[in-house]
Amino acid sequence: MNTTDRTDLAAPALASGSEQTHLRAGFIPLVDAAVLIAAAELGFAAREGLTLDLVRDVSWANIRDRLAYRQFDVAHMLSPMPIAALLGLGSNPAPTVAPFVLGRGGNAITVSVRLFETMQALTGLADTASALDCAKALATVIAARRRDGDRPLTLGMTYPYSSHNYELRYWLAAGGIDPDRDVKLAVVPPPMTSDALAAGAIDGFCVGAPWNMIASEKGVGRIVATKQDIWASSPEKVVGMRPDWADRNRDSVLRLITALDASARWCDDPANHGALAALLAQGAYLAAPVEIIRHVLAGKFALDAKGNARVVPDYFVFHRQRANCPSSEQALWVYSQMVRWGQVTYSAEGAATAASAFRSDLYASALGQAPAADSAPQAADVFIDGRPFDPENLEAYIRGFDAPPPSV
Amino acid sequence: MSHFDLTILVIDENAVRAAIIEDGLREAGHGHVTVVHTVTGIARVIEATGPDVIIIDIENPNRDMMEHLFQLTRSVSRPIAMFVDRSDSASIEAAVEAGVSAYIVDGLKKERVKPILDMAVIRFNAFSRLQRELAEAKSALEDRKVIERAKGILMKMRQLSEEEAYALLRQTAMNEKKKLADIAQSVVTAAGLLM
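So the sequences go chain by chain: A and B.
Everything in the first sequence is counted per our numbering, starting at 1 for the first residue and increasing by one.
Everything in the second sequence is counted per our numbering, starting at 1001 for the first residue and increasing by one.
The shape of chain A in the complex, shown without the other chains:
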C-alpha cells in the first residue's frame, strides 16, 4: 500500500528526468475517490511509470490549502473547487485546474424520518414519490411551519463551493423553496451527517456516498432525491492540480490521465465491484461497512429502514458515457449556479475564467478526442425542473431562474 506519513510531506518528491513521477495525492474518504484509490492500489499508475502516494484528509479546506502549498501534487476535489479558485472565491484561492473528472453520481438528499412523515401527513406523498414531488411536499411543510411559528428547517451540505450546495439549492428551488430565505443551510462534515440528523441538529442533508445510505440503513433518514434526479450528467469530483505544476510536468499529467482512465474503466465494470468495495472499505480509505459500499456501487438504495427500496441505474458512473472528460459546458453550469446564488456577479470574463478551469485539452492530449457520437446522451442533460441549459446564452439562462420553471 502506498501511504505517506505526514512528516514526510514536505520532502521533495522523487523525480525521474526533469518531471515528477512520484505524486502525492490528497483525498477525502468517499466512494468517489475510488478511481484514484484503485489507480494507486491495483497497478494502473505503476503501469504508467507513476507512484501515487495517497494521503487521507479531513476537510476540503485542507485539500485546497495543501494543494496550494505543494504538500499535494494532485487532489480529489469537488468539481466547483477549481472554478471557485480561479475566480478568486473563498478563503485562500490559488490557481487550480481539472483535467480529469473522477465520475458522475453518488450524491443524494436525505431528510429525517420525522420530517418525511410530516411531508406525507400534510400532502399524502407516496412512498414512491418522485424527487420533484418530494421537494414540493417539503415546500408545503415549510409553509405550514411558518404559519405555526416553528423554527426554520436546517439542511446540511458539505462546502460552499460544492456540487452538494448547488444540487440541494436546485432541488429546493425546483420545489418552490428559497434556499436563502425559507431554510437554513449549514456545512456538516460528511461523516457527521448521520449523527447530526439523528440528534436533530439538522433536518436533512445533501452529501456523497456512502453517507445517505448509512443514514437510511440506521433508520434515521429518508432519501428523497439523488443526483441523477437533479442533473444526471453532472460531474461530481475531479482531479485538481496547480496549472504551473501541470505545465512543468506535462508528461506525468498525461500519464496520470491514462492511468486514471484505465482505473475508471476497471471501477465501472460491475464484475469488479466486489473487489472495489473490499478495497474501499479498508481502514486506510473509507473505513465503512463493505456491504453498504457494495449496495452504493450497485445503486441499490434502501430509502428507509422500513424496506422501501429503489434501484438507481447509473448511480455511479466511473467511466461510461465519457464521464471522465471535463467540458467547459459543465464548468459554465457551475458558474451559472454561483451567479444564481450570489457567490459571484456575472461577467463575460468570469464565465471565460470558469470555463478554463476544466482542461479538456489535457484530457484529449492523453486520450484523444471523442467521436461526436460518443459524447453524453441527450437524455442525461435533463434537469429536474425541465429547464434546458443553454451554455451559449449563459446570461439569459441565469436570468431565467427569476421566472418560474416551465414544469411548475
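It should be emphasised that the hints constitute simulated quantities derived from the structure, not laboratory data.
Heads up, none of these hints are tricks.
Covered stretches of chain A (chain B as the covering partner; in silico rule of three or more C-beta atoms under 8 Å from a C-beta of chain B):
1. 53-64
2. 68-75
3. 154-168
4. 186-196
Across the chosen pairs, the derived CB separations fall in these ranges:
5. B/K1156 <-> A/G49: 56 to 62 Å
6. A/E19 <-> B/N1014: 35 to 41 Å
7. B/A1043 <-> A/Y346: 25 to 31 Å
8. B/G1192 <-> A/D269: 46 to 52 Å
9. A/E291 <-> B/E1162: 50 to 56 Å
10. B/E1013 <-> A/A143: 35 to 41 Å
11. B/D1005 <-> A/D314: 55 to 61 Å
By construction, the Cβ of each residue, glycine as well, lies at the ideal position given by its N, Cα and C atoms.
With chain A fixed as given, assemble chain B onto it according to the hints.
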C-alpha cells in the same frame, strides 16, 4: 493600537494543546484571548468576541463549516486564510506541516499577525514532540517491564543467574535480528502457554 490589542480566538478540540497556545499568547502580552474546544455554537462565540485572528487546528473537520460561516456572517469581515504573504512559502509550509490554520480579518497588517502565527507553529510542534516523547517513554517503560518478566521466567525455568538470563535474551534477539523486547514478549507469551 499595538498588536497586543488584537482579539484572538483559539479553536482546538485538544484542551492541552489549546492551553499551551493560550499560554504562549498571554506570555507574549495578548490579553484578549478566547479558547473554545468545540465548534458547537461557534457562530455565537464569533459574534460575541469579534476576533481579528482565529487559530484552528488543521485536523479539525469543521474547517469547512467555519468557512461557510464566514460567508454568512459579517462579524468577521471577509476573513482570509492565514497565508497572507504567498512569497513567504517557508513559513506557510511550516504552518501547514505543524497543522495550524488561521483566519485573519482582511486588511490586518501582516507584521501584526506573523508573531502570533509563528508562536502557534512553534507551540504546535512542541506539543507534537511532547506527545511523541511521551509515547516513546511509555513504550520504553513497557519494554523494560516485559524484559524483567522474561528474565524472571528464564531464571526460574532454566536456573540461570540474572546476567545469564539477560545474555540469553540478547543473544537470541541478535541471532533472530529482532528487538530485545519482542523476544522477551515471546518468552512471556510462551511461558503463559506452557505454565
